[in-house]
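Undergrad: Chain residues, written in single-letter form:
2 protein chains.
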Amino acid sequence: MPEGSMGISNIATCTAPVNIAVIKYWGKRNEELILPINSSLSVTLHQDQLKTTTTIATSRSFQEDRIWLNGKEEDINHPRLQSCLREIRRLARKRRSDGDPGLDSTGLSHKVHICSVNNFPTAAGLASSAAGFACLVHTLARVFGIEAELSAIARQGSGSACRSMYGGFVQWIMGHQDDGKDSLAQQVEPETHWPELRILVLVASAERKPIGSTSGMHTSVETSCLLKHRAEAVVPVRMDGMIEAVQRKDFPAFAELTMKDSNQFHATCLDTYPPIFYLNNVSHQIINLVHQYNNYYGETRVAYTFDAGPNAVIFTLQEHVSEFIQVVRHFFPPETNDGHDFMFPCVVLKAGPGPCVVDDPTQHLLGTDGWPKKTE
Amino acid sequence: MPEGSMGISNIATCTAPVNIAVIKYWGKRNEELILPINSSLSVTLHQDQLKTTTTIATSRSFQEDRIWLNGKEEDINHPRLQSCLREIRRLARKRRSDGDPGLDSTGLSHKVHICSVNNFPTAAGLASSAAGFACLVHTLARVFGIEAELSAIARQGSGSACRSMYGGFVQWIMGHQDDGKDSLAQQVEPETHWPELRILVLVASAERKPIGSTSGMHTSVETSCLLKHRAEAVVPVRMDGMIEAVQRKDFPAFAELTMKDSNQFHATCLDTYPPIFYLNNVSHQIINLVHQYNNYYGETRVAYTFDAGPNAVIFTLQEHVSEFIQVVRHFFPPETNDGHDFMFPCVVLKAGPGPCVVDDPTQHLLGTDGWPKKTE
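Chains as they are written, first to last, in UniProt numbering: chain P, 1 to 376; chain G, 1 to 376.
Hints in this document: simulated from the structure, not taken from any laboratory. Just so you know, not all the hints are guaranteed correct.
If chains are identical, the list can't say which one is meant, so a pair holds when it fits in one copy or spans any two.
What the hints assert, rightly or not - Okay, derived cross-link-like pairs now, DSBU-like style, lysine-lysine, Cα gap no bigger than 35 Å in a straight line:
{"hint": "1", "residue 1": "K350", "residue 2": "K111"}
{"hint": "2", "residue 1": "K228", "residue 2": "K28"}
{"hint": "3", "residue 1": "K228", "residue 2": "K111"}
{"hint": "4", "residue 1": "K374", "residue 2": "K228"}
{"hint": "5", "residue 1": "K72", "residue 2": "K111"}
{"hint": "6", "residue 1": "K72", "residue 2": "K249"}
{"hint": "7", "residue 1": "K228", "residue 2": "K94"}
{"hint": "8", "residue 1": "K249", "residue 2": "K111"}
Since the structure is predicted, the reported quantities are computational estimates derived from the model, not experimental observations.
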């Protein structure tokens, strides 16, 4: 590492994936620590097409912590960003005070520069904050030389970010402790477990959602009696069923639970007061199309799930992908734009690994001076 | 009564009202007897503008029971129609066997001709079957000289018909007996109790609903765990709150419970598998408009409710009617027909009385020969 007074003391670049929940997270029991009212389960998407890349550098010459997102400097004082920085530095100090002889302690008091880019539009119904905070925490840990369980820290950035800390099929165990130490992500199966599984993202609208998930789930917890029942009585049973379906690679069981849980999540949004609508007429048509398609074949070949937005995420097996895309194109031809946004299958994805370290130094988003590279 | 061999022995004409549920009925525990999984509460609409009119005649010359609905002969063997006929005749026979001296028993073995008309489009999201079966049962009872509690019979024609047997504010007490004898409608307050209350029907679409309520609620009972919880844990509390709000004429409390219960009913439809959608984008916009309107004034002046269709029913007080109609016209001008059907407030209604007897013999829908009049 360069040790010149103006140089950077440490630098690392990592990438992290998006995840799609098949048992949904909606509602916090502790808003500050981001502790959920129920466990959830997701599929980590391959980073081939969707990922966040983050470079973090430390230097004694940096005056303050700073962050640039997608080319624009953002407020470093965002509380959730501060939570992640604070927790990582606490772990680093703890490791030094525990007397790890191999630890380079010079960087501990240094400020950080953080530079992060997504290769997909934010707030398009894909959980960009999950990939973003997972990447932040993974890169911070690398810079500070930490090798601990990190999902509880990522969770404090954005709840679903904890699930992006692992590849494949990941559960976020809600935990029961008040301090949240047992509210962690855990891999159920790696991405290699079910190679035939495919994920299609159908972009119904790239508009920002009318009600963000943080305020939406707050209102739901306050007002929906169905959400409370869902969290207490329904999700525990579904988690067991979903883990079993994943382990057995039982697509019909996986698909049915995925669809039912998406519908129930949106049902609790409708039971919120005032009600929250994320599904629109196009979403309803996609849902009806999937059920008709499965009925036609007399078996569950395709499943939908919708997060806090109208975009459909479709699960199917490799052998059905091209036919299903044709069916979607038939019923939603690009030319008929009847008051809605253009809709088409934008990407065919697979399950993929968790955060990765980028070893190639030319890929750093920060220059050797520790400032964002001009030419991006 | 004319007693000629070809003449009719008895004839009666009655009218019956539509009702709008503010605590919704969705789900049966016994499909044959039509016993609900929860109690419900409705407002009976005034018959000035929406009503069913039914004439029933008996004659020894009639070869068989027959029915004409809106000018067209229908199948008399419809099971629910048969339930009502059977139950009324059972009551009539019972009364004779109990030895009521004033009873004219000649008509008991006679066949009936039934002629019924609605003055509003069927299946437009307004519960035409409720008014229809309430009118059928009330008129049958008149023809057979029965003066018993009739809501349990109307219930066997169409569940919500039992609430159309009374005026004003009516609860359908779910009951607990297996034979359904305690599953009855009961007036909470008469129509004169809250004279300022107004009801607007906003017709978003006159199309028939994609999934009828009978099959929809069957699927919901089979598949929605949220519906079960709603029926067992939520509705009992809401029934108490709604009865109190009606008795106190507390519009904000009445309005909030009405909106929450409409939303929760549609939430359980969404939690059904496959999901059922009755609300469309226009319904969502109406809902958002009502919440924005109430927020603007800082008080709950207007409430929406939606049955198994996209048409909104709005509750408000007389003083706010004209302003709210202007607001709706502003946001849904007749000329912008963006892929949806034309929307406008079609009728301003009040609460009204239960079934009425029409004494004027010129109003009979059947002629003195007992057959439908040609000139309707």
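Undergrad: All the hints need checking, so say for each whether the structure fits it.
TA: Structure-based check of each hint:
Taking the shortest Cα distances, K350 and K111 never come within 35 Å of each other, neither inside one copy (37 Å) nor across copies (69 Å). Proximity of K228 and K28 under a CA criterion of 35 Å is satisfied in both settings, with 11 Å inside one chain copy and 24 Å between copies. For the identical chains of this complex, K228 and K111 are neighbours neither inside a copy (42 Å) nor across copies (55 Å), given an alpha-carbon limit of 35 Å. In this homomeric assembly, K374 and K228 never come within 35 Å of each other (Cα to Cα): the closest approach is 49 Å inside a single copy and 59 Å across copies.
For the identical chains of this complex, K72 and K111 are intra-copy neighbours only, at 19 Å inside a copy versus 83 Å across copies, given an alpha-carbon limit of 35 Å. In the homo-oligomer, the alpha carbons of K72 and K249 never lie at most 35 Å apart, since the shortest distance is 43 Å inside one protomer and 56 Å across protomers. Taking identical chains as interchangeable, the C-alpha atoms of K228 and K94 are never at most 35 Å apart, the minima being 38 Å within one chain and 50 Å between chains. Taking the closest pair of Cα atoms, K249 and K111 never come within 35 Å of each other, the shortest separation being 46 Å inside a single copy and 63 Å across copies.
Checked against the numbered hints listed earlier, the structure breaks hints 1, 3, 4, 6, 7, 8; every other hint is satisfied.
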